[in-house]
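Asker: Spelled out from the first residue to the last, the chains are:
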Amino acid sequence: MTKCLILSMEEWAEKKNKKKIVVEKINLKIGEFTCVEPISLINTFNAAVLGSWLDSSEITIETIPFEGKCSKCSRLYFPKKENGYKSPCCNFNLEEIISGRELKIASIDFKEK
Amino acid sequence: MHLPISDKIELNILHQNSHQAEKNKVKFNNYNLLCLNIMSSPGAGKTRLLEITLEDLSKKFHSAVLEGDMTTNLDAARLEKLNIPVVPITTGRACHLDANMVSGGLKLLEKKINPDLLDILLVENVGNLVCPAEFEIGEHFKVALLSITEGEDKPLKYPIMFREADLILITKVDLLPHLNFDINELKSNIASTNPKADVIEISSITKSGFDLWQNWISKMILKFKNN
Chain A
1 MTKCLILSME EWAEKKNKKK IVVEKINLKI GEFTCVEPIS LINTFNAAVL
51 GSWLDSSEIT IETIPFEGKC SKCSRLYFPK KENGYKSPCC NFNLEEIISG
101 RELKIASIDF KEK
Chain B
1 MHLPISDKIE LNILHQNSHQ AEKNKVKFNN YNLLCLNIMS SPGAGKTRLL
51 EITLEDLSKK FHSAVLEGDM TTNLDAARLE KLNIPVVPIT TGRACHLDAN
101 MVSGGLKLLE KKINPDLLDI LLVENVGNLV CPAEFEIGEH FKVALLSITE
151 GEDKPLKYPI MFREADLILI TKVDLLPHLN FDINELKSNI ASTNPKADVI
201 EISSITKSGF DLWQNWISKM ILKFKNN
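Order-wise, the sequence lines are chains A and B.
By this note's numbering, the letter at position 45 of the first sequence is numbered 45, and the numbering carries on one by one without gaps.
By this note's numbering, the letter at position 121 of the second sequence is numbered 121, and the numbering carries on one by one without gaps.
Chain A with its partners taken away, still in its complex shape:
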């Protein structure tokens, strides 16, 4: 995942002049229902970019809640594994996921040198 993030940053920087910018913050939106542990992503990113053009950049992560929709009564709810992800209103299995699968670079804060 860290590699994918760095490749995405490289791709973004190709459209700018990498040598003429300093990336200050990479603002991510990470859903709760993904395979990403935010602190691990930050640590591995910091280790991976040491000495590179992204060395001074900081990662911020906005966690997007895991939210489902009850397929019986359409009520929104926060699925919990303790409850088998079932809807608390009707005890229905998780069918529709409204949010929580996000793995996004929301924005990049940078300065021109």
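Calculated directly from the structure, the hints in this document are not laboratory data.
Cβ atoms here follow ideal geometry from the backbone N, Cα and C, with glycine treated the same way.
Don't take every hint at face value.
Claimed, not checked - Only part of the chain B face toward chain A is listed, based on derived beta-carbon distances under 10 Å: (1) Ile5; (2) Ser6; (3) Ile13; (4) Cys131; (5) Pro155; (6) Tyr158; (7) Met161.
Stated by the list, open to error - If you only want the chain B side, here are some residues facing chain A, beta carbon under 7 Å, derived: (8) Pro4; (9) Asp7; (10) Thr193.
Given the coordinates of chain A, assemble chain B onto it according to the supplied hints.
Answerer: Relative to chain A, chain B alone:
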């Protein structure tokens, strides 16, 4: 130094992989080749499943395998004995196959056989219940295996793998009489995370369930070819 600028890009971190996966899928479609991504934890029985499956499947359909493995070609060597085209993909330190690796594997496969002659490509992913679930490879369907020795709770502990799967094979069911294992609880946990998945109980020892699994594959190949 100028004032800071905020570039709101809203870009999926995995977009490069998704883009390559889409290109792989276009290739598979052009070859009229159904691709299954076979995933599980290490030791759930993926390679043995493929060995048994391909013995019969190869009589009806032209098959090939991309075999993902972190450090060895041991699994690929087992499948090569079936006289079908097998391409090993050694991922090194990566704990999953990604779309680029599969694209590379497909290029090697093209050197072995004209994929136009194939009906189905089985991709055995690296044994891992976490990362493979997030990385599309261009497959048409995801198949997840879960052996009963892993415990009933795994669909709840690794929900994304089981949520993403189109078919879940419960393997090693011949061990049921010897274990304190509640298969109904497992099925309930699967239904909690993915009510839409097909589920088949299977044993590589007694061969129970293989008829259902082979029928599922045959149905998917024919449906794919008729679309």
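Asker: Give a verdict on every hint.
Answerer: So, going through the hints one by one against the coordinates:
no.	hint	result
1	Ile5	6 Å, holds
2	Ser6	5 Å, holds
3	Ile13	5 Å, holds
4	Cys131	6 Å, holds
5	Pro155	9 Å, holds
6	Tyr158	9 Å, holds
7	Met161	9 Å, holds
8	Pro4	5 Å, holds
9	Asp7	5 Å, holds
10	Thr193	6 Å, holds
Going through the hint list in order, the structure satisfies each hint without exception.
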